[in-house]
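Peer 1: Each chain, written out:
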Amino acid sequence: MDLALTESQELLRTTARSFMEREAPVDVIVGLQKRDSSLAPDLWQKAARLGWLGILIPAEYGGSGERLSDAAVLYEEMGRGPLPGPFFSSGVLGALTVLEGASEAQRRQILPGVATGERVLTVAITEPNASWGPGGITLAPQGRNGSYVLNGTKLFVADATSATDLVVAVRTGEGPADVSLLHVDAKTRGVTTRRLPGFVSWQCEVSFDNVVVPASALLGEAQRGWAALSRALERALPLLCAYIVGACQAVYEKSVAYSQSRVQFGVPVGRFQRVQDHVIRLVNHLDSARWTTWEALWKLDTGRPAAASVHMAKAVASEAYLDVCNAAHEVHAGMGVLVEYGLVAHTQMSRTLFHYLGDPRWHKRAMANALDW
Amino acid sequence: MDFEVTYTEEQQRFRREVRAWLEANVPSSVQRTPVSAEDSYQRYLELRALGRKLGAKGWLYPTAPARYGGGGLDVDHAIILEEEVDRFDLSLPPYYDSGGRLGSASILVWGTEEQRQTFLPPIYRGEVRTWQLLTEPGAGSDLAGVRMTTAVRDGDEYVIKGQKIFVGSDNGTDRIWLIACTDPKGKRHENLSWFMIDATLPGISMQPMELMGTGGEGGTDSGVKQTVFFDDVRVPALSLVGGENKGWTVATTHLELEHGGGGRIGRNRVWDRLLRYCQETKRDGVPLSQQQDVRDSLADIYIKTEIQRLFGLRNFWLTYARKPKSYEGPQLSYFRKTTGLWMTGAILDAVGPAALTTDSGWGSAAGFLETQQRNGIVSVHPGGTTDIQRVQMARRIGIGRSTREKAGTVHGAE
Numbered sequence: 001m002d003l004a005l006t007e008s009q010e011l012l013r014t015t016a017r018s019f020m021e022r023e024a025p026v027d028v029i030v031g032l033q034k035r036d037s038s039l040a041p042d043l044w045q046k047a048a049r050l051g052w053l054g055i056l057i058p059a060e061y062g063g064s065g066e067r068l069s070d071a072a073v074l075y076e077e078m079g080r081g082p083l084p085g086p087f088f089s090s091g092v093l094g095a096l097t098v099l100e101g102a103s104e105a106q107r108r109q110i111l112p113g114v115a116t117g118e119r120v121l122t123v124a125i126t127e128p129n130a131s132w133g134p135g136g137i138t139l140a141p142q143g144r145n146g147s148y149v150l151n152g153t154k155l156f157v158a159d160a161t162s163a164t165d166l167v168v169a170v171r172t173g174e175g176p177a178d179v180s181l182l183h184v185d186a187k188t189r190g191v192t193t194r195r196l197p198g199f200v201s202w203q204c205e206v207s208f209d210n211v212v213v214p215a216s217a218l219l220g221e222a223q224r225g226w227a228a229l230s231r232a233l234e235r236a237l238p239l240l241c242a243y244i245v246g247a248c249q250a251v252y253e254k255s256v257a258y259s260q261s262r263v264q265f266g267v268p269v270g271r272f273q274r275v276q277d278h279v280i281r282l283v284n285h286l287d288s289a290r291w292t293t294w295e296a297l298w299k300l301d302t303g304r305p306a307a308a309s310v311h312m313a314k315a316v317a318s319e320a321y322l323d324v325c326n327a328a329h330e331v332h333a334g335m336g337v338l339v340e341y342g343l344v345a346h347t348q349m350s351r352t353l354f355h356y357l358g359d360p361r362w363h364k365r366a367m368a369n370a371l372d373w
Numbered sequence: 001m002d003f004e005v006t007y008t009e010e011q012q013r014f015r016r017e018v019r020a021w022l023e024a025n026v027p028s029s030v031q032r033t034p035v036s037a038e039d040s041y042q043r044y045l046e047l048r049a050l051g052r053k054l055g056a057k058g059w060l061y062p063t064a065p066a067r068y069g070g071g072g073l074d075v076d077h078a079i080i081l082e083e084e085v086d087r088f089d090l091s092l093p094p095y096y097d098s099g100g101r102l103g104s105a106s107i108l109v110w111g112t113e114e115q116r117q118t119f120l121p122p123i124y125r126g127e128v129r130t131w132q133l134l135t136e137p138g139a140g141s142d143l144a145g146v147r148m149t150t151a152v153r154d155g156d157e158y159v160i161k162g163q164k165i166f167v168g169s170d171n172g173t174d175r176i177w178l179i180a181c182t183d184p185k186g187k188r189h190e191n192l193s194w195f196m197i198d199a200t201l202p203g204i205s206m207q208p209m210e211l212m213g214t215g216g217e218g219g220t221d222s223g224v225k226q227t228v229f230f231d232d233v234r235v236p237a238l239s240l241v242g243g244e245n246k247g248w249t250v251a252t253t254h255l256e257l258e259h260g261g262g263g264r265i266g267r268n269r270v271w272d273r274l275l276r277y278c279q280e281t282k283r284d285g286v287p288l289s290q291q292q293d294v295r296d297s298l299a300d301i302y303i304k305t306e307i308q309r310l311f312g313l314r315n316f317w318l319t320y321a322r323k324p325k326s327y328e329g330p331q332l333s334y335f336r337k338t339t340g341l342w343m344t345g346a347i348l349d350a351v352g353p354a355a356l357t358t359d360s361g362w363g364s365a366a367g368f369l370e371t372q373q374r375n376g377i378v379s380v381h382p383g384g385t386t387d388i389q390r391v392q393m394a395r396r397i398g399i400g401r402s403t404r405e406k407a408g409t410v411h412g413a414e
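As given, the protein sequences belong to chains S and Y, one line each in that order.
In terms of the numbering used here, the first sequence opens at residue 1 and continues consecutively.
In terms of the numbering used here, the second sequence opens at residue 1 and continues consecutively.
What the hints contain is simulated information worked out from the structure, not anything from laboratory work.
Since this is a predicted model, take the numbers as computed values, not measurements.
Don't take every hint at face value.
One-sided and incomplete, this derived list gives chain S residues near chain Y with beta-carbon spacing under 7 Å [as the list claims (entries may be wrong)]:
{"#": "1", "residue": "Met1"}
{"#": "2", "residue": "Leu3"}
{"#": "3", "residue": "Gly270"}
{"#": "4", "residue": "Trp291"}
{"#": "5", "residue": "Met312"}
{"#": "6", "residue": "Lys364"}
{"#": "7", "residue": "Trp373"}
Glycine is no exception: its CB is placed at the ideal position from the N, C-alpha and C atoms.
Chain S on its own, in the form it takes in the complex (with noise of 0.2 Å):
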């Protein structure tokens, strides 16, 4: 039994948080909030060249295949931000899903780009009905000399306004897992991407006007995109945990922070007991999430069962930066709401990431089932 960080995932850390301290600071993550694009060029480039979008993709495809606990490392940190771009939905989701679902020559003409950063990756699941499961894939192909038309729309996707290939889930069969997914060039035409406006974080809508793609598009083999889609989300859920965990580190650190300095009825807040349960509540939070997170990686890498332990973590991870912003709220009063103080990127990132790939009640019932009860 170890739960130290190895040396090398030590130097990682160190080179990730000063990459983070050095090119996205408080200014740059609240400058960024209002983009169209959450995917800042300087900002990917530099983080292309660190090795950063390639972290998970295996040397053949030209990315470095590290451990997911590896990469878990640099998600924590890149949460602090909470860092926007297409890190998750390319670099992990993405490439995940291709190296699930694509056959080998597809993996070869797709991921290379990915590492690079040159090719930028989304994956559409979900649709206005903001199901999580197979159910809620309902966008149906027609057939049309050997091509296929889609004319529909996918919802919640992450980052695809900054998305250069679109890997959609649609439905092929009437059975309940009957999904396939297909490869759509994001300049297609009848392809339109719109960040949704509001209280939420490069969440998408992706529409289809008769867009048309060649029979090349499927990945893989027809009706197993659900299955590998599937196996992709096991393996990429912790480490969306791992950014959520970094992030609710970073607000932690913030509160206690401001509690320590701000200074009314003639002592910091801190001192004051009613203070001191948000900061308690927030760190409880904090170490629940990094475990429940940490353990699914391990049985991951190692090889073990770890469906219920992926779900538990989502699950519990998504309930903690939700009040972890919300406790760090009730310590900064009025500097938490002032959008410069970078307290509401967070707050509203963990509003997102609440429901994003299934809320808390969808993996707790998930869990259950993995379980067997």
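Using the hints provided, position chain Y relative to the given structure of chain S.
Peer 2: Chain Y in isolation, oriented as in the chain S frame:
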């Protein structure tokens, strides 16, 4: 990271040896739920006998130094022992001996060589059981406010006078340790002293208190606690550990351990039974575990027990890998206590009124859930209330006071 202990072939062999020994030496009778006070006492005697056998092998306190009568085993062997004992629903020691566990750790850190050689071997060999006496009628959460029990030096002895409350369990004890005021006019935290004494000395008397917990030997959740009176009890000066007026310093060690700083590995005994009950019990023709609302409640309960397990594992690792600790001890304690209290409602909601009865026909999970209904409430206070745990956390996070407080030392002589 590695969340699991990897065992060598030698350790696997040790596990087989332990398992065979326990199967031969743990009487099946100790797993019964006592039906009367007399029965509880008989069961206690059986467990003490088992404790002496374990102690003779060095398995009662496996990681304690061998030169003082402990097992001298490394942490991996200790984990194997804990896991194997856990298969019998027992812990080490198999009876309420938190005074031995916490007191011996304090003596290892703060005692003289003579005191270690005198006090530790009987504890480690299971020859004595020990109670800790901290709380007084006027000093509960404010432990540093101990004033009622005083000790005055008289030649080679100290004379102890006063009263302790909410201590021990049922069936008596051999040794006790306590904090007494040795300088009534002295500064807070600099006026207390720590004594390890024989519980059978003249002038010590006890009066049982009936609490809402179940059973008389249920550890911190015991349904019986004592008021202990000291009427000019004369103890040798050797009983004073850590020096006069240094009692608060000694206490930082056992308080850190009692606040969860030592961590824990092991399964949650309530959870296993709750799930089995819900799978085996039908309502309206459908097993409880297949009803969506019950299933949702079970998921919430399971997740809390898993987080508690992970916090315990983390603290265990921090302790044995000798990593610096901050708020983690009181955090585990706070989480365990608040989870237990919350779970009383969650289990009652999921299971219904069967959670409240020990009736052999209509009760649930052989009375285990009824026990949880009581003990989830009782456990809020021993070793510091939920509020005290939060005060500790805040100080160690660095917001409760102008300087950050450090965790207590838990490692002594090896």
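Peer 1: All hints, please: hold or fail.
Peer 2: Against the structure, the hints:
Annotation: Met1(S) was flagged as interfacial toward chain Y, and the flag holds, the nearest CB pair being 5 Å apart, inside 7 Å. Look at Leu3(S): its Cβ gets to within about 5 Å of chain Y, closer than 7 Å, so that hint holds up. Hint status for Gly270(S): holds, given a least beta-carbon distance of 3 Å to chain Y, under 7 Å. At a threshold of 7 Å, the smallest CB-CB gap from Trp291(S) to chain Y is about 4 Å, leaving the interface hint in force.
Taking 7 Å as the C-beta contact cut-off toward chain Y, the hint placing Met312(S) at the interface holds, the least distance being around 6 Å. Hint status for Lys364(S): holds, given a least beta-carbon distance of 4 Å to chain Y, under 7 Å. Here the hint on Trp373(S) is kept, as its CB sits about 5 Å from the closest CB of chain Y, short of 7 Å.
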